[in-house]
Amino acid sequence: VNLWQRLNRGETKVDFVGKRQIWFRMSMLAIGLTLIALVIRGGLNLGIEFEGGVSVTGPNPAAATVEDFRAVTVATGVEDAVIQLINDGEGFRVQTIALDPETEDTLLDGIAEVSGNERPDLSIDAVGPSFGALILRQSLIALVVFLLAVTLFMTWRLELKMALAGIAALVHDLLLTTGVYALTGFEVTPATVVALLTILGYSLYDTVVVFEKIREMVGQYGDRLTYSEVVNRSMNLVLSRSLNTSLTSLLTVGSILFVGSFVLGATTLEDFALALFVGLAASTYSSIFVAAPLLATWKEKEEAWAHRRRKIEAKLRVDPAAAEGPVAKPGAGAAPRVANRPAPRPPKKRAR
Amino acid sequence: VRRRLIGLVLVLVLAWGGVGLLLANGITPKLGLDLQGGTSVVLTAPAGTDEEVLEQAVEIMRARIEEVGGVQEPEIAISGSNTVLVQLPGVEDEQRALDAIGQTGQLSFRPVLDAIFGDVGPLVTTTTTSTTTTTTAGTSTTATGDSTTTSSTAPTTTTSEPGPTTTTTLPPNVDPVTGLTTEDDPNLDAYLQTITSFLGQAVPEVIHVGPASLVGSDVADAIPGFDPSRALWVVNLDLTSEGADKFAELTANAVTFPVDSPQRRIAIVLDGEVVASPGVSQDVGAEGITGGEAQITFGGSAEDEQQARDVAALLRYGSLPVAFERSQVQKVSATLGEDSLRAGLLAGYIGLALVAILLIVYYRAMGVVSIIGLTVFGSILVAVFALLGEYQGLTLTLAGVTGVIVSIGITADSYIVYIERVKEEIRGGRTVRSAADEGFKQAFRTILTADAVSLLGAVLLFFLSVGPVKGFALALGIATLIDLFVVRAYTRRAIWLLAHTPLADRGPLSIRATTQ
Numbered sequence: 001v002n003l004w005q006r007l008n009r010g011e012t013k014v015d016f017v018g019k020r021q022i023w024f025r026m027s028m029l030a031i032g033l034t035l036i037a038l039v040i041r042g043g044l045n046l047g048i049e050f051e052g053g054v055s056v057t058g059p060n061p062a063a064a065t066v067e068d069f070r071a072v073t074v075a076t077g078v079e080d081a082v083i084q085l086i087n088d089g090e091g092f093r094v095q096t097i098a099l100d101p102e103t104e105d106t107l108l109d110g111i112a113e114v115s116g117n118e119r120p121d122l123s124i125d126a127v128g129p130s131f132g133a134l135i136l137r138q139s140l141i142a143l144v145v146f147l148l149a150v151t152l153f154m155t156w157r158l159e160l161k162m163a164l165a166g167i168a169a170l171v172h173d174l175l176l177t178t179g180v181y182a183l184t185g186f187e188v189t190p191a192t193v194v195a196l197l198t199i200l201g202y203s204l205y206d207t208v209v210v211f212e213k214i215r216e217m218v219g220q221y222g223d224r225l226t227y228s229e230v231v232n233r234s235m236n237l238v239l240s241r242s243l244n245t246s247l248t249s250l251l252t253v254g255s256i257l258f259v260g261s262f263v264l265g266a267t268t269l270e271d272f273a274l275a276l277f278v279g280l281a282a283s284t285y286s287s288i289f290v291a292a293p294l295l296a297t298w299k300e301k302e303e304a305w306a307h308r309r310r311k312i313e314a315k316l317r318v319d320p321a322a323a324e325g326p327v328a329k330p331g332a333g334a335a336p337r338v339a340n341r342p343a344p345r346p347p348k349k350r351a352r
Numbered sequence: 001v002r003r004r005l006i007g008l009v010l011v012l013v014l015a016w017g018g019v020g021l022l023l024a025n026g027i028t029p030k031l032g033l034d035l036q037g038g039t040s041v042v043l044t045a046p047a048g049t050d051e052e053v054l055e056q057a058v059e060i061m062r063a064r065i066e067e068v069g070g071v072q073e074p075e076i077a078i079s080g081s082n083t084v085l086v087q088l089p090g091v092e093d094e095q096r097a098l099d100a101i102g103q104t105g106q107l108s109f110r111p112v113l114d115a116i117f118g119d120v121g122p123l124v125t126t127t128t129t130s131t132t133t134t135t136t137a138g139t140s141t142t143a144t145g146d147s148t149t150t151s152s153t154a155p156t157t158t159t160s161e162p163g164p165t166t167t168t169t170l171p172p173n174v175d176p177v178t179g180l181t182t183e184d185d186p187n188l189d190a191y192l193q194t195i196t197s198f199l200g201q202a203v204p205e206v207i208h209v210g211p212a213s214l215v216g217s218d219v220a221d222a223i224p225g226f227d228p229s230r231a232l233w234v235v236n237l238d239l240t241s242e243g244a245d246k247f248a249e250l251t252a253n254a255v256t257f258p259v260d261s262p263q264r265r266i267a268i269v270l271d272g273e274v275v276a277s278p279g280v281s282q283d284v285g286a287e288g289i290t291g292g293e294a295q296i297t298f299g300g301s302a303e304d305e306q307q308a309r310d311v312a313a314l315l316r317y318g319s320l321p322v323a324f325e326r327s328q329v330q331k332v333s334a335t336l337g338e339d340s341l342r343a344g345l346l347a348g349y350i351g352l353a354l355v356a357i358l359l360i361v362y363y364r365a366m367g368v369v370s371i372i373g374l375t376v377f378g379s380i381l382v383a384v385f386a387l388l389g390e391y392q393g394l395t396l397t398l399a400g401v402t403g404v405i406v407s408i409g410i411t412a413d414s415y416i417v418y419i420e421r422v423k424e425e426i427r428g429g430r431t432v433r434s435a436a437d438e439g440f441k442q443a444f445r446t447i448l449t450a451d452a453v454s455l456l457g458a459v460l461l462f463f464l465s466v467g468p469v470k471g472f473a474l475a476l477g478i479a480t481l482i483d484l485f486v487v488r489a490y491t492r493r494a495i496w497l498l499a500h501t502p503l504a505d506r507g508p509l510s511i512r513a514t515t516q
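Which chain is which? The protein sequence lines are A and B, in order.
Mapping the first sequence onto my numbering, position 101 (from 1) lands on 101, and the numbers just tick up by one.
Mapping the second sequence onto my numbering, position 177 (from 1) lands on 177, and the numbers just tick up by one.
Careful, some of the hints might be misleading.
Straight line, CA to CA, 30 Å or less: simulated DSSO-like cross-link-like pairs of lysine-lysine [as the list claims (entries may be wrong)]:
1. 161/A - 441/B
2. 161/A - 311/A
3. 246/B - 13/A
Don't read these hints as lab results, they were simulated from the structure.
Required output: the full structure, derived from the provided sequences and hints.
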C-alpha cells in the first residue's frame, strides 16, 4: 500500500496537532519575513489605480527604446515617468503621476508618434488621486465587514473558536500573499485586491470543510478521544479532499498564470494569478497546518477537554495497549443514528 | 429510478438546450469594455450630492452624447453614492465624447469691462497714490509678581515718500502668476484669456468681464447652422422671454460706449472659457438687441463646425446641476481587449481540461459525471450572463471572467467534497447505493456552509466596493448560486443513478474501484 493509496483511503497517520510547534514556527518565520520585507521595501508598490496617475500601454511597431520614450516624457515636462518595454519590446507601458488634460493630450500624441501608433491603438488608464484612495478605502472597509460577517456566520454555524481559528488562518494567508508582493515589488492593482478577496473565499471554504469534519467527528468520538486526537483523525480523513481541491484550484489558477505570463502577456491576468497562486497554496497549508492545530490547542484548554485528556493519559499508563485508541472507522459516523446529532460536549458530570 | 432519470434528463435538456437556444438567437453574454475595447469614465460629483441631482445629470449627459453622435450604445449609469459610470464602446474621438458628457456646460453672457492685448502675465493694476505710513512702536512693560520685565523698543517711524507706487489688488479666485481667473463664478468678475482677431491676425488677449447677465437657463434652444453669406458656422440661440429682456438690457448698456471701446463687447463664456466676445454692432439702437435671439459665431472650417455642434448640444440640454470631476478614464484599445479576452478564454479552457483529466484519473466514472456536471454549470452560467446582459445591461469584464474561472475551482470542489464523502461511506461499510444517498446529506451541509461563506463575501463585496471588484463579486456570487443549484438538481440525481448501474460495483471504472 503506497502513500497515494493511503491518502486516497484516508489512512494516513500524520500527527497534525502534536507537531504543531513545527507548523506554527514555519508560519511565524514566513510572517516575519513578510514584515521584514515590508519594512525594507517601505511598503507595497501601489499601482496608479490607488495612487492616481496615468498609465499608457500599446504595441510598439516603431521599436522605440526606453530612451525614445524618455525623450518624449521629458519634452512634455513630465518628470519621473516609469517606462517599461514589455514582451521583448513589442509593447510598452508608460506611467506618470496624474496630469492635467492638456499635458496628457500632448503626452499621448508624443507617445503615439514615437511608438509608431495611431491614438486609438493606445490604451490609457488615468486615475485621479482621490479616486484611487477611495477604491483602496472601500476595499478595506469591505474586508473588515467581510471578516466580521464571516466570524458571526461561522460562530452560528459551527462555533466561536472555530470562527476565530478560521480567521487566524485567513489573516495568515493574506499576510503571506502580501509578503510575496512586498518581496518581489510587484505592483498592487485592483486585480490584486480581487485576488486577495478570492483567497479569502478559498481559505475560508477550505477551513470550513475541515471544521465541518471535525465537528462531525467530535459527535462521534467526543467521549472516547482527546480533542487533538479527534482533530488528527478528521484531518487525515479529509487530507485527500483538501489536496485534491487545492490541486484543481491551483490548476485553474496556474493556467491563468501560465497563459497570462508566457503565452499572451496579458498583464492584468498575470497580476491576478500571482496573488491567487501564492494565496491558494498558503490557504491549503493554513487550513491543515494552522487552523486545525490552533483550534485543537484552544479546545484542549477548555476544562472539559483537559479533564478528558488527563483521564485518557491515566488510562494509558495502566494499559499501554490502548495507545491506539478505538479504531477509527471512517464514515461510520455517517450512520443516521449519530449523523445529525449536534456536536455533543464531553459529559459534564465527569468534567468537574 | 425512472423519476430521477426523468429529472436528470430534464435538467440536462434545460441547461444545454437553454444556452443553445439563447446563443442561436444571438443572445450572448455582453462583453465589458476591457474585453472589447472602448472608453470607460468614472465621473465623481462632490460628496453628498443628491441622488436626484445625479439622475438629472445622467439624463442631460445621455441627451448630449446622442446629440454629438459618433458613439455606439453609450451607457451612462449612476454607480455608488456620488459617481457616474460612463461607458463608450468603440468611440473614435474619445476626448470629444468625454467633453460632451462631463463638461458642466455653464453658459454666461457678460459685459466686458476691459480688454488688454498681450499674453498672460501677473495681474497688476497701476494706480498712483501718495502714501505716508507711520508706524510707531512704543514701550511695553509687563509686571508679574515681584519680577518686572521691561522690554523697550525705540519708536520707529517708516515714511515712504509721496510718489507713484504700485499696489497689487488681487481679486479672489485669480492666479497671481497668470493673472487669470482659476475658478469661474458667474456672479463675480473674471479675468479670462481669449484669442481675438485684430487687423486680420489672431492676437491673444485678456479680458476682464463683469458678473453674468444671462446664464444657460435663459436659453430656450440652441441650433447649430451655417451662415452662407459669411461662410461661417454659427449657433442660433433662442432666448426665453426673461432671457430676452436681460439680453436687451445687457446690449443696451453696451451701446452707450463708443464702437471701439472694449466695453461695447459682450463675452460669451462657457465653463470659464471665452467662446466669443463680439462687439455690439453699430446699427443697434439705444434699446439694445430685442427679439430674444442671439447668435454665437465660429469660423468656417470643419473643426469649427464640430465646435458649433458641440456647443449647441451643451447649450440645448442645459448645464449639469453639479460639476463632475473625471476620476478615472480607462481606454482599452480594441486589440488589447481582444487579447485579454483570448487570454481569459484560453486560460479557462486549459484550466478546465486539466481539472477534467484530474477528475477522471481520481474518480473514473464519477469523474465523468462531474465533468458533465461542469458543462451543466457552464451552460447555466453562460445563459444567466447572456440574459442579464440582454435585459439588465450587465457586462462581463475581465475581472468577471476571472471570477468565473475561480468559480470553476469552487464547483469542482463541490464534486470532490461529495465524491470523497461517498467513498468514505463505502469504506465505512455501506453499499454503494446507500452511500450515494447518505453521502449527499452529509456533503450538502458542508457545501452549503462553504458556499454560503463565498456568497456572503460576494454580496458584501458587491455592495461595498467600487470599480473592477464589483464585477468580480457579481460573477462569483452568480456562479456560487448556480453551483448550489447544480449540486441539488444535477449532481445528486446523477451520482444516485450511477450507483444504480453496473458501474456502481464492478469494473475498474466503478464507484467502488475508487475506494480501493
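Results of checking the hints against the structure:
no.	hint	verdict
1	161/A - 441/B	25 Å, holds
2	161/A - 311/A	24 Å, holds
3	246/B - 13/A	92 Å, violated
Hint 3 alone, counting from the list given before, is not met by this structure.
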